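*Asks:* Use these hints to put chain B onto chain A, whose structure you have.
2 protein chains.
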Amino acid sequence: MTELAPWRSALSRALHRNRSLVYARYAQLATVQANRPANRTVVFRGFLEDSNTLKFVTDRRSKKIEQIAKNPWGALCWYFPKTREQFRISGELMVVSATEEDSDLLHLREVAWLALSEGARSQFAWPHPGQPKSESEASSQEAIDRTTPLEAFCLLLLAPQEVDHLELKGQPHQRCGYTLEANDTWKQQVLNP
Amino acid sequence: MTELAPWRSALSRALHRNRSLVYARYAQLATVQANRPANRTVVFRGFLEDSNTLKFVTDRRSKKIEQIAKNPWGALCWYFPKTREQFRISGELMVVSATEEDSDLLHLREVAWLALSEGARSQFAWPHPGQPKSESEASSQEAIDRTTPLEAFCLLLLAPQEVDHLELKGQPHQRCGYTLEANDTWKQQVLNP
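Sequence lines, in order, name chains A and B.
Per our numbering, the first sequence starts with residue 2, numbered consecutively.
Per our numbering, the second sequence starts with residue 2, numbered consecutively.
Isolated chain A, as found in the complex (with noise of 0.2 Å):
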């Protein structure tokens, strides 16, 4: 079992003040696509048991796992409105489609897809996304089984090896860098905003 990174209880704090605000569990994921860098909202699905790791869901459809397989790097950036605080968490990320073979992480995958609503779970069956919409082709109306994740339904994993911590709330506003050392401990060090 993972020690719990020291960052984690600032973030669990902004998540509970901010709890009020269903986006508040929002935040915008940079990958990079050929040089160039990508940018999306992405749902906080909680925290890997007994680790630092970040869960999203992920169609495997979209363009970040292509971007994802070339380019593992991933930037989060997450505002919390209420507290006006802001955590930029950067890490590797790693895909977990139903082609995935360490069935630990399968495992994983089947929770994350049964904790969905019905409604995130149907997107899945929807067609290409990020596709023309062609006016022939509906979602499909196959019933979704609630225990079988559909095929194009990936876990989104992120495993944090810097976080900085921005909080704008008083003047001068109050900054803290994280860093993940070789030795697996995180270093702290308070930054000037």
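Be aware that one or more of the hints could be misleading.
[Said to hold, decoys possible] Residues from chain B that face chain A, not an exhaustive set, calculated with beta carbons under 8 Å:
#1 Y24
#2 R26
#3 V33
#4 A39
#5 V112
#6 Q132
#7 A183
#8 W187
[To be verified] Using C-beta positions, here's what the derived DEER-type ranges look like:
#9 A:Q190 / B:E152: 37 to 45 Å
#10 B:A183 / A:K83: 38 to 46 Å
#11 A:G131 / B:G47: 44 to 52 Å
#12 B:Q175 / A:K64: 30 to 38 Å
#13 A:G120 / B:P82: 36 to 44 Å
#14 B:S13 / A:Q190: 36 to 44 Å
#15 B:G47 / A:A70: 34 to 42 Å
#16 B:K64 / A:D185: 37 to 45 Å
#17 A:K64 / B:E182: 15 to 23 Å
#18 B:V112 / A:T148: 30 to 38 Å
#19 B:A70 / A:Q132: 30 to 38 Å
#20 A:D103 / B:K64: 43 to 51 Å
#21 A:A116 / B:K64: 30 to 38 Å
#22 B:R20 / A:K83: 33 to 41 Å
Hints in this document: simulated from the structure, not taken from any laboratory.
A quick note: this is a predicted structure, and the numbers were derived from the prediction, not measured.
Beta carbons are placed, not taken as given, at the ideal position from N, Cα and C, and that holds for glycine.
*Replies:* Using the frame of chain A, we list chain B on its own:
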């Protein structure tokens, strides 16, 4: 004078409908540094007059300045909580600093400085952002001239080349892509969400 891009009306509508939330003007800007993504929150400062170019401000000492010098590509992800819609805006970034030689751009930098609040202006006199905090190093106490930008102050411009508009209200979601063509016109296409 540039014609308003077709996505401008949708963005104006989103800004208007979310105007009660001050943070609806905050968006996340991704850049690339050494083949890794970087991502941070920025404040939208309006459009450059008679253009589709978005304005932001930044500190010359922030890491993004160096990143943009090496790779001008930026990806803005802008989520509007009230109307549940997302704009992803990609294009080239341009930094207008104190050493800018184009007098028109220098003038725009001054105008952007004048438009800042006193609190926002004072941040450009703070110690080097992102550096370890030193107890001895205090914020500059010199009076800040309202009319002359501090040396660290930069105007940051994003000239969009691709826009992706996703609306999450309703099922299924609505998505539209806009691409700037070689002849400076925008191609618009309805996409699968």
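*Asks:* Now tell me if each hint is right for this structure.
*Replies:* Hint check:
no., hint, result
1, Y24, "5 Å, holds"
2, R26, "11 Å, violated"
3, V33, "5 Å, holds"
4, A39, "6 Å, holds"
5, V112, "25 Å, violated"
6, Q132, "5 Å, holds"
7, A183, "18 Å, violated"
8, W187, "16 Å, violated"
9, A:Q190 / B:E152: 37 to 45 Å, "26 Å, violated"
10, B:A183 / A:K83: 38 to 46 Å, "45 Å, holds"
11, A:G131 / B:G47: 44 to 52 Å, "29 Å, violated"
12, B:Q175 / A:K64: 30 to 38 Å, "19 Å, violated"
13, A:G120 / B:P82: 36 to 44 Å, "18 Å, violated"
14, B:S13 / A:Q190: 36 to 44 Å, "42 Å, holds"
15, B:G47 / A:A70: 34 to 42 Å, "38 Å, holds"
16, B:K64 / A:D185: 37 to 45 Å, "26 Å, violated"
17, A:K64 / B:E182: 15 to 23 Å, "21 Å, holds"
18, B:V112 / A:T148: 30 to 38 Å, "59 Å, violated"
19, B:A70 / A:Q132: 30 to 38 Å, "36 Å, holds"
20, A:D103 / B:K64: 43 to 51 Å, "36 Å, violated"
21, A:A116 / B:K64: 30 to 38 Å, "36 Å, holds"
22, B:R20 / A:K83: 33 to 41 Å, "18 Å, violated"
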